[in-house]
Amino acid sequence: MNELARTQADGVRELIAFRIGDQEFCVDIMSVREIRGWTPATALPHSPGFVLGVINLRGAVLPIIDLSSRLGMKAADPTARHVIIVAQVHKKVVGLLVDAVSDILSVTSQNIQPTPEVSSELDKSFARGVLAIEGRMICLIELEALFKSSESEAA
Amino acid sequence: MDMNEIREIFFQECEEQLAELETGLLALNDGDTDPETVNAVFRAVHSIKGGAGAFALDDLVAFAHVFETTLDKVRSGQLEPTHDVLKVMLKSADVLADLTNAARHGDQIDQDRSASLVADLEALARGEGVSSGEKPAEAEPEFTPVPVMLDEPQSADFAPVPFSFDDFDDEDTAAASGFVVTFRPRAELYGKGNDAYLLLRDVAKLGAAKIACDSSDLPDLAQMDPEGAYLSWTIEVTGLADEAPIQRVFEFAEWDCDLTIVPSGDVSAVQPAEEIVLMAPIETPAPVKAPTPVITPAKPAASVEDSGMVPVPFDLSAFDNLTVADTIAPQPVAAPVAATTAASAPVAPVISIAEAAAKRGVDPDAADRRQGGDRRAAETVAPTIRVDLDRVDRLINLVGELVINQAMLAQSVNESAAGTSAINMGLEELQQLTREIQDSVMAIRAQPVKPVFQRMSRIVREIADMTGKSVRLVTEGENTEVDKTVIDKLAEPLTHMIRNAVDHGLETPEKRLAAGKPEEGTLRLAAKHRSGRIVIEIADDGAGINRERVRKKAIENGLISADANLSDEEIDNLIFHAGFSTADKISDISGRGVGMDVVKRSIQQLGGRISIVSKPGEGSVFTMSLPLTLAVLDGMVVSVANQTLVVPLTAIVETLQPEASKIHRFGAEQRLISIRDTFCPLVDVGRVLSFRREQADPVHGVAVLVETEGGGQRALMVDAIQGQRQVVIKSLEANYDHVPGIAAATILGDGRVALILDVDAVVAGSRGDQARPELSLAAVG
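Residue numbers (our numbering), protein chains in the order written: chain C, 1 to 155; chain U, 1001 to 1781.
I should point out that these hints are in silico values taken from the structure, not numbers from a laboratory.
A quick note: this is a predicted structure, and the numbers were derived from the prediction, not measured.
Among these hints, one or two may not hold up.
To be verified - The calculated BS3-like cross-link candidates involving lysine-lysine, where the alpha carbons are at most 25 Å apart (straight line), are:
(1) C:K92 <-> U:K1517
(2) U:K1615 <-> C:K91
(3) U:K1552 <-> U:K1511
(4) C:K91 <-> U:K1489
(5) U:K1511 <-> U:K1615
(6) U:K1553 <-> U:K1450
Isolated chain C, as found in the complex:
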């Protein structure tokens, strides 16, 4: 209880770090509902390439997004070793396909550095900063931006 109060006062955020290929990313833990293994998805017609399809999540229909493809990297070839991060974005629940979940990070805003100027348009619009943790570079992804931009892009 005390610790919680202190972390909040210090502006400490908890992030879930995961891996796609050889890169590391993280998202805010508050938007993550659960983490589960990959199950084959039912393809959706006329959907963008990064939408792998839908799966049954205890009676609800859950769309699965290939995050690698969404971030402009090469499309994933999902296997049983892949992991789905079930996240809530706005009022919708989506599954994000990643290679593996690595750890949970507690960081303060001082730890988060601004995204460096790079030419990659996608990285700039989704990335909310980078973290340097134990020599690793982890990119913080803003899920809401991820879906907002996809909406405006599509429309």
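Take the given structure of chain C and dock chain U to it, following the hints.
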């Protein structure tokens, strides 16, 4: 149960009463003359008023009271329910609904509107604009203030009260100093837990009261029904200027008793003149013969030379004496009238009083009929209970999961090959039971579309008022039942369409007259069941779609190219395109930036379709077809390009194995299949849904013949049919977005998601690129 719950129940009941009120008023408007209809309307307002009073909703009570007073005039036949009167009443019903809603949610309402209606209603209640031929006009000048001689003996300082007989039905002018109330409870009164004693006590509180009980109807003990009602009372209340307080006391008992309230001045008209004469406006001495010394006849006031007031010694305590009270017959109305017809000058008013009394005397009979009606209704209407919708929804969701689980269980037993015949029989029974449970559960939530239709009649009234058009709404099939989930979502598109039909569809009265049509436009709203769906039609007899204008507008908006060759049907359908509005100026009514495209979208989201048929000069018909429920669907499970899809069974006409000889090429891409000598276009589902690029060979697949919205048939090509089953509909939109060609998703026995085909969209998608612009909308978020 706390106060809020009781309050909520009151508002739920209000909704029902309001619906009943509107139904009744509309029936009256259509020429229904059944007194029971008027009574039902009156009762509805009365109940709302009563309930609102209990919750101290003063605005509601005040308005309902005025409304009720006017309705009472209609009920008593003093006010003719003409169209003009009913127009005011319907508006009042709308305001009453608004006030109820305002009270429920604590909102503000348009005070001006209700105030102006109160004024209208009061004008009607006063009888303005209604013939007042009943009043004996010539008698009035002759019959100036008659002092009423009624007093308790001990009260020494009796002041004569001027008394005018000009209008006894108007509470305000009846300035009598007292009333005689005869109160004869029926068994029902006691049956509903009312107590005559409490009512009498309340009356007694209103002023000095003398109460006499009439036990003459009391049978011998042996014949007595212990639950019967044999006693009646006569209450003489003095010191009251107005009978309203007395009516209020009996407000909730009046249906179950015979009640007459007569100003004590004209008791002579009610009481047999020979027996009790409190005041005798009659010259003939014949009726004045008092049977007992306790009641002394007064001198005939109007005719006697010493017209000064003489306090008459009158011992009301005698009323307490049952033997005397025995002589008080409560309802011999006709007798005194006959007795007084021979009398001179003051007779006319007396007769009019007698008439008024006779009218009241009729009331108990009407109440009897009502009672009878209620009893009959109670016998035919099955008892119901109120259930929280959340509980029903939860049950339905659980049953949905049960159906999926049952399917999964059946599938795994089949796959494991463990099924003995006993297990298989058990599984089959389980399947049947789940199915029955599901049907019954769905039936709980099925409701008639009537409330939605009723809301539309109000919208029509409002828009007709705003546009200055005269519109008659005809509704059909309002008892057609459909799942509550559909009903809830029906109101919005329907409102838009009704608005549109009145605003754009119907012409102005001048234009209609010029076109040789009746001034009043007709809007028909009909619902019916057709092949497992509910079909709602909105038909107007307006000018129809102006195709030239639609075309011009579509070219202006860049929807079609200037040289596009479109059929009439295609032009009509342009109005469903986004951003399309033909109204030259955007009106306040239908032009809130929402067009028919939004209507189409919301209907599509419900798994429904909308189409239009328009004839220039004759009007347009919009047809909506919706699933009966948004929860389950009977479907055929098919496979297409390694994907499993569900085709709604309602769309399927037949399935067949195409033979190579029956397939004909038509142009570069199209293929037709001949079925019993008619050619039907083949639609490759896999290609329309972009599951594959190349057309599959029809000979290796199965053709599913479907009926499309427009009435034509198409053959959908699928690879194989897996089976037929009931599936639970799961929304794709909840977490994703609308997918063109796909109506919804479901979960099959293997636990995987399967998509439910939107047959019409697939067919439309195959026809050309109509559906293409939407394709890019398929994005996450």
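Hints, one by one, checked against the model:
no.: 1; hint: C:K92 <-> U:K1517; in the structure: violated (53 Å)
no.: 2; hint: U:K1615 <-> C:K91; in the structure: violated (45 Å)
no.: 3; hint: U:K1552 <-> U:K1511; in the structure: holds (23 Å)
no.: 4; hint: C:K91 <-> U:K1489; in the structure: holds (20 Å)
no.: 5; hint: U:K1511 <-> U:K1615; in the structure: holds (17 Å)
no.: 6; hint: U:K1553 <-> U:K1450; in the structure: violated (37 Å)
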